Amino acid sequence: MTAAWWTPRRIKHLQQMAGAAGREPGEPPIASMGSTGPPHVEQPYFTRDRLVCDGAQVTRPSIDPYREPVETHIYLFRGRVRLSMPVVVKLSPEAGPAFFRAAVKACYCMNVLADVGKNLPDGLEKYGEGLLADAGLRGRAHFAAHVAALGEAAEVVRISASEQFQGLEDVLKQGVWGVYVDEDLGGGAELEVAVSLLDRMLRRRGLRNDVSVIAGGPTVRGSDDIYKLVALGADAVAVSKAVEIAVGLPGARAGEEVFRERVENLLLGFQRELKLLAGAAGVSSFFNSLVGSRELMRAVELDRAVRSKLGVKQAGV
Amino acid sequence: MKVPRQTEPEFWNVERIEHIRHLARYGKPLWVWDRAKQTSNRILDRIRFRAELEDPGLNPSPNPSADTSTSMAYDRIQMTTPLYLGDMSFGALSGIPNIALARTADITGIVTGTGEGGLHPEVRKCRRITVQWASARFGVDIDVLNTGLGIVIKIGQGAKPGIGGHLPGVKVTKPISETRRIPVGLDAISPAPHHDIYSIEDLGQRIAALKEATGKPVFVKVGVTNYIAYIATGVARMGADGIIMDGQGAGTGAAPAVVRDNIGLPIEIAVSVVDQALRREGLRDGFTVVAAGRVSSAEDTVKLIALGADVVSLGTAALIAMGCVMVHKCHLGFCPTLLTNKIEENPAKILSLETSTRWTVNMVYGWTEEMKNILDAIGVSSVRELVSRRDLLLGLNVGADELRLMGVRGA
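Chains A and B, in that order, are what the protein sequence lines are.
For what it's worth, this note's numbering labels the leading residue of the first sequence as 1, then goes sequentially.
For what it's worth, this note's numbering labels the leading residue of the second sequence as 1, then goes sequentially.
If you're looking for bench data, these hints aren't it; they were derived computationally from the structure.
There could be a bad hint or two in this list.
Computed cross-link-like contacts, DSS-like style, restricted to lysine-lysine with a CA-CA straight-line distance of at most 30 angstroms [unchecked claim]:
(1) B:349 / B:174
(2) B:125 / B:349
(3) B:28 / B:174
(4) B:329 / A:12
(5) A:12 / B:342
(6) A:126 / A:105
Covered, in the sense of this in silico footprint (three residues per stretch, anywhere, with C-beta under 8 angstroms from a C-beta of chain B), are these stretches of chain A [stated by the list, open to error]:
(7) 19 to 31
(8) 277 to 283
(9) 302 to 315
Here the structure is a predicted model, which means the values were calculated and not measured.
Think of the CB as a built atom: it goes at the ideal place given N, C-alpha and C, for glycine as much as any other residue.
Using the sequences and the accompanying hints, generate a full structural model.
Below, the structure written as structure tokens:
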């Protein structure tokens, strides 16, 4: 049973990019005629479905990612980690061992982080520098822990997606390198709201340049969600269910090599789509110009209270 | 013929397609108030004329009296009705539709934009066309620029603001390769920006140069993006004769889905905001505002004019008049209705030029009749007097902030 926001349009899009369907793996899917997307045709499932990204028109030039550079890389943890794009793949052991191993390797090759949680199968320790794992695992992974269980080794603190950040202040004083808004921990707030409030709280305290923000979970559906969450203040966005759906899970009976190729295709597709979105807005660097750049978005028919939490202006203003 | 069932959410649903087909077939109105608006959820669908709320069941009269004539570009281009058939290129469309659209303009006294990618020899014979000067300059030379009523500098389009034109390789056949002077079989991806227009000052210089070279009116086509009011005032200040604003949801022959679905604002917001901004700056008189993007009916047209547009552009609607069934396959080159299929030297099947022209001409006539009926119902005697009459409108279930911005009162 997949959730309602996994529309056939979304599933097909991801599977085409991963190469589980269609003939152009790794390429942003092309469409024609008018959009059928939210908020005015397809129903909006999340607040971010009411956010529109900017396109540069005459007052400034857009950037052509087919011919000009758009840099998607970002830095985490005070410059200790450089990712090729603002993406973390969050893995669950329920998706099966072949996919798990394949995804860890694909992430390593594509230079994005794999969040393995509490699980690290044998033989994957050598990918440690590309892993985000719960504290206590062997290897050289970057460790994450929940606020309540923060040990000395943890570099990143996992929090739920909420509008309050109780307990976080003490943790921040201990000098953690990052905060990870993990939807799987619950919390009751929408991801975009939690990210935006967290980013602004960290900025208010003068900590934003020292503390990375990672956010994500099963509601992240593709590069548009990634782009919007980055513009709302995340340095990197965790994608979980979308990767499983893209490679054909549940149900795909592929081997590790096929899964690995599909995850790599998907990540490459994400990167190309992110370049298209940023290029259209005239943004040449994610890390320098997009992270927290709410001015690049407008809200279509979004309640004033929510707009003010997000810090996004009304469409037309 | 009944339209096959649609399985996914779609703005251009069966009600809308059948309405346009009725117009195309008979050239006569089907209704006064657009009944298809109940099936969708745009802001424009939730803005109503006060007159409709008083008499929702009004039937069309055979002899409506309102005057739909108008003009563009400081009165230099006269039009019988405020319709502009959107800029669809030779290559995106399969040739016959391009000719049909251009001839429709000549027959009915409206204007057709020809899009990027050069002119078909038959299109070139038509008088009431505009030619497009787009970022790849495909097919542009001084003869082409001198051909039509005006020149359109295409900065962007509603389906993909910030992204250039895209003709998939499968559609770059020999005839297209010759018109555009590009290799067969390779994607023709136009640059995202014009590399000689990086600012509003650059645009001003290009407008001046095109006017100097041709003496024709120059329009600027943009996608509706976040800073649309500043863009429009800049375009007007730099001496353009009009702006074509293409809103979210507008059609395209090919665009990356992620861009199409996430960039761009609804046209109804933009029209009103731009009209108010131009008036504030003293730039509105004579300058033409063309509104495009999901214009599906005469009522949409009249509402957009009441919100502040002068002329409304139809793209998808014109294709539907010629038989489009909205299967969203234009980029693949095998359009089941032969409108956007790839252009081959010896095509197995070909659209009838005569029939397609008749259908689009009928659509324009039927559309105009419905517009006249609406004008009569709202008590406005001409389209020119309707521009910016936001007081005739009422917002139902539209947020207070949106209504304030658009200058429309709530119910």
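Going through the hints against the structure:
1. B:349 / B:174: 17 angstroms, holds
2. B:125 / B:349: 24 angstroms, holds
3. B:28 / B:174: Answer violated: residue 28 of chain B to residue 174 of chain B is near 40 angstroms, above 30 angstroms.
4. B:329 / A:12: Since the Cα atoms of residue 329 of chain B and residue 12 of chain A sit roughly 15 angstroms apart, the hinted pair holds (cutoff 30 angstroms).
5. A:12 / B:342: 25 angstroms, holds
6. A:126 / A:105: 10 angstroms, holds
7. 19 to 31: holds (count 4)
8. 277 to 283: holds (count 5)
9. 302 to 315: Answer holds; 4 residues pass the 8 angstroms Cβ test.
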